[in-house]
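**Student:** Residue numbers (the numbering used here), protein chains in the order written: chain A, 152 to 340; chain B, 66 to 354.
Rather than coming from a laboratory, the hints here were simulated on the basis of the structure.
Hints are supplied without guarantee of correctness; some may be wrong.
As the list claims (entries may be wrong) - DEER-style ranges, computed between Cβ atoms:
1. A:Arg209 <-> B:Ile207: 54 to 62 Å
2. A:Gly216 <-> B:Gly183: 51 to 59 Å
3. B:Ala109 <-> A:Arg209: 35 to 43 Å
4. A:Arg209 <-> B:Glu74: 42 to 50 Å
5. A:Asp235 <-> B:Met76: 29 to 37 Å
Stated by the list, open to error - One side of the interface only, derived from the structure: several residues of chain B facing chain A at Cβ under 7 Å:
6. Ala79
7. Asp103
8. Ile111
9. Leu114
10. Phe115
11. Thr135
Said to hold, decoys possible - On the chain B side, residues computed to face chain A include the following (Cβ under 10 Å):
12. Met76
13. Ala80
14. Leu86
15. Asn112
16. Glu113
Backbone N, C-alpha and C fix where the C-beta goes; we use that ideal spot for every residue, glycine too.
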Amino acid sequence: MSLGTDFETTLLAARTGAEWAWRRLYEDLAPTVLRYLRSRGAPDPEDLTGEVFLQVVRRLHQFEGAEAEFRGWVMTIARHRYIDAFRSRSRRPVDPVDDEILTRAAGIADVEDEALQNLAAGELRAAMTQLSEDQRDVLFLRILAGLSITEVAAATGKSPGAVKSLQARALGALRRNMSSAVSEAKAVS
Amino acid sequence: MPDPVVSLEDMTRAAAIDAKLEHLLAGKPPAGDPASEDISLLVAQINELFPEVVIPAEIADAHIAKIVETSSALEPISATQPIATAQYGLWARLGNLFSPLPRKIVAFALSLTAAFSGMAYAGVLPDPLQRTAADLGRMVGIELPDPDRVVTDGDDDGADEADDPGDEPLAPGADDTGGEGADEADQRSDDDGSSVSDGRGEERDDDRELEDDSADGPETSSNGDGDEGSGAGPEGDPDDSSGGGSGSDPEGDPDDSSGGGSGSDPEGDPDDSSGSGNDPESSSVDVDD
Chain A
152 MSLGTDFETT
162 LLAARTGAEW
172 AWRRLYEDLA
182 PTVLRYLRSR
192 GAPDPEDLTG
202 EVFLQVVRRL
212 HQFEGAEAEF
222 RGWVMTIARH
232 RYIDAFRSRS
242 RRPVDPVDDE
252 ILTRAAGIAD
262 VEDEALQNLA
272 AGELRAAMTQ
282 LSEDQRDVLF
292 LRILAGLSIT
302 EVAAATGKSP
312 GAVKSLQARA
322 LGALRRNMSS
332 AVSEAKAVS
Chain B
66 MPDPVVSLED
76 MTRAAAIDAK
86 LEHLLAGKPP
96 AGDPASEDIS
106 LLVAQINELF
116 PEVVIPAEIA
126 DAHIAKIVET
136 SSALEPISAT
146 QPIATAQYGL
156 WARLGNLFSP
166 LPRKIVAFAL
176 SLTAAFSGMA
186 YAGVLPDPLQ
196 RTAADLGRMV
206 GIELPDPDRV
216 VTDGDDDGAD
226 EADDPGDEPL
236 APGADDTGGE
246 GADEADQRSD
256 DDGSSVSDGR
266 GEERDDDREL
276 EDDSADGPET
286 SSNGDGDEGS
296 GAGPEGDPDD
306 SSGGGSGSDP
316 EGDPDDSSGG
326 GSGSDPEGDP
336 DDSSGSGNDP
346 ESSSVDVDD
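From just these sequences and the hints, can you work out the full model?
**Tutor:** Okay, structure coming up:
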């Protein structure tokens, strides 16, 4: 999940359009991007992942920094693309292409279904819906994308203190909701 | 939406939770801390709910092909950029000149230069600026009004009076309150460039004649009283007193306003408003000489 010392060389090669460099960057970052987009419930997350990387290609000349910054930068683009897609979907509710691509990605759908069938996962998913958008965003960027507090702050446009607070409240709310769900389940059984 | 206000307690708690989460994300499981175990459990559940996915090779290849295509589509643009710059560089630079901010700066500078040039040509700039503008203009062969040159042309010895525009054309001996006298003095100064020597010379000639007269007898010294305007002593030339009060008045009688006041007044009588008073306070010529 990290290129380490090869990052600078890879990035330089990517700037010149080398296919091997782009393949390495894609294989390193695309799973995290896709995971984040799926966790946020983005429509057509695979296609969106491709769009994120096309945006990275177009804006690579604007980027300066090390691997951690690059990761944060890519996740910022992913978050913006997700927001754009969410807005466009709200304006255009039905997109038949989404279903086709979801069907093609049958393996991923199976994993998702398997996770949904899990009771604990169902409770967690239910508890997740109780969180605010900001809390979910911070939690997913922090846990699933592995960004630091500073990187999450940069990606979301909030202060590090606010990110820490959102994260603490999200975890606290999840804990409370999960406990109550477990209690209810025990009471029912 | 602004960030909510966070209390100190919340901040402390948030920092503690973040520290625990950092440990968890770094792969260090908590030991014995129930709160940390709760967080650890939550993180594990979230990771299970959204597991790491392997993008199918088919989709990955399609994405990478599109990425490389886009990247190579950008490359030819940068490769041809030097040619485009060489061909259209001048136009591009001119275009940059007329982008909004430089356009405003250039317009402001041009209008400022035009206003300054117009004022310099009209000679209405403050003296130091006008002088500088005239000097600069002279260097490139343009004659602009120069405050220094206005004074020096008309009055050779009146440099100390140049600052007062009302006194510029006046001879030192002329009084400002006497309009005609000033005009006459002005005329004289324009004629020969020596406004003092003419009028003053006559007066001093008169004085010399008086002195000559006084040499004839000691009583002539009392004639210099000038109160009555009669400089003629008992033995003096009656013509000498024809000027009316031309005798010298060393006492500087403040009441002396008589007889045209052409007599010498070394005390600088402030009340003396007569037409051609010779006041050493306002003249560079020393009468005692």
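**Student:** Next item in the hint list is aspartate 103 (chain B). Is there a CB on chain A closer than 7 Å to its CB?
**Tutor:** 5 Å, holds
**Student:** Does leucine 86 (chain B) meet its interface restraint, that is, does its C-beta lie within less than 10 Å of any C-beta in chain A?
**Tutor:** Since chain A brings a Cβ to about 7 Å from leucine 86 (chain B), closer than 10 Å, the hint holds.
**Student:** Assuming the hint says 42 to 50 Å, is it satisfied by the Cβ distance from arginine 209 (chain A) to glutamate 74 (chain B) or not?
**Tutor:** 45 Å, holds
**Student:** Given a hint of 29 to 37 Å, does the C-beta separation of aspartate 235 (chain A) and methionine 76 (chain B) actually sit inside it?
**Tutor:** 33 Å, holds
**Student:** Quick check on a hinted range of 35 to 43 Å for alanine 109 (chain B) and arginine 209 (chain A), using CB atoms only.
**Tutor:** 37 Å, holds
**Student:** Would you say the C-beta atoms of arginine 209 (chain A) and isoleucine 207 (chain B) sit inside 54 to 62 Å of each other?
**Tutor:** Roughly 56 Å apart at Cβ, these two residues keep to the hinted range, so it holds.
**Student:** For the hint on isoleucine 111 (chain B), does the least C-beta distance to chain A fall short of 7 Å?
**Tutor:** Since the shortest Cβ distance to chain A is 5 Å, the answer is holds.
**Student:** Hold the hint about phenylalanine 115 (chain B) up to the distance rule: shortest CB distance to chain A must be less than 7 Å.
**Tutor:** Constraint on phenylalanine 115 (chain B) satisfied, holds at 4 Å.
**Student:** Within 51 to 59 Å or not, the Cβ separation of glycine 216 (chain A) and glycine 183 (chain B)?
**Tutor:** The hint (51 to 59 Å, Cβ to Cβ) holds, given that glycine 216 (chain A) and glycine 183 (chain B) are roughly 54 Å apart.
**Student:** Answer holds if the nearest beta-carbon of chain A is closer than 7 Å to that of threonine 135 (chain B); otherwise answer violated.
**Tutor:** 5 Å, holds
**Student:** Close enough to count: is the Cβ of alanine 80 (chain B) nearer than 10 Å to one in chain A?
**Tutor:** 6 Å, holds
**Student:** For the restraint on methionine 76 (chain B), tell me whether the closest CB of chain A is nearer than 10 Å.
**Tutor:** Holds, about 7 Å.
Hint violations for this structure: none, all hints satisfied.
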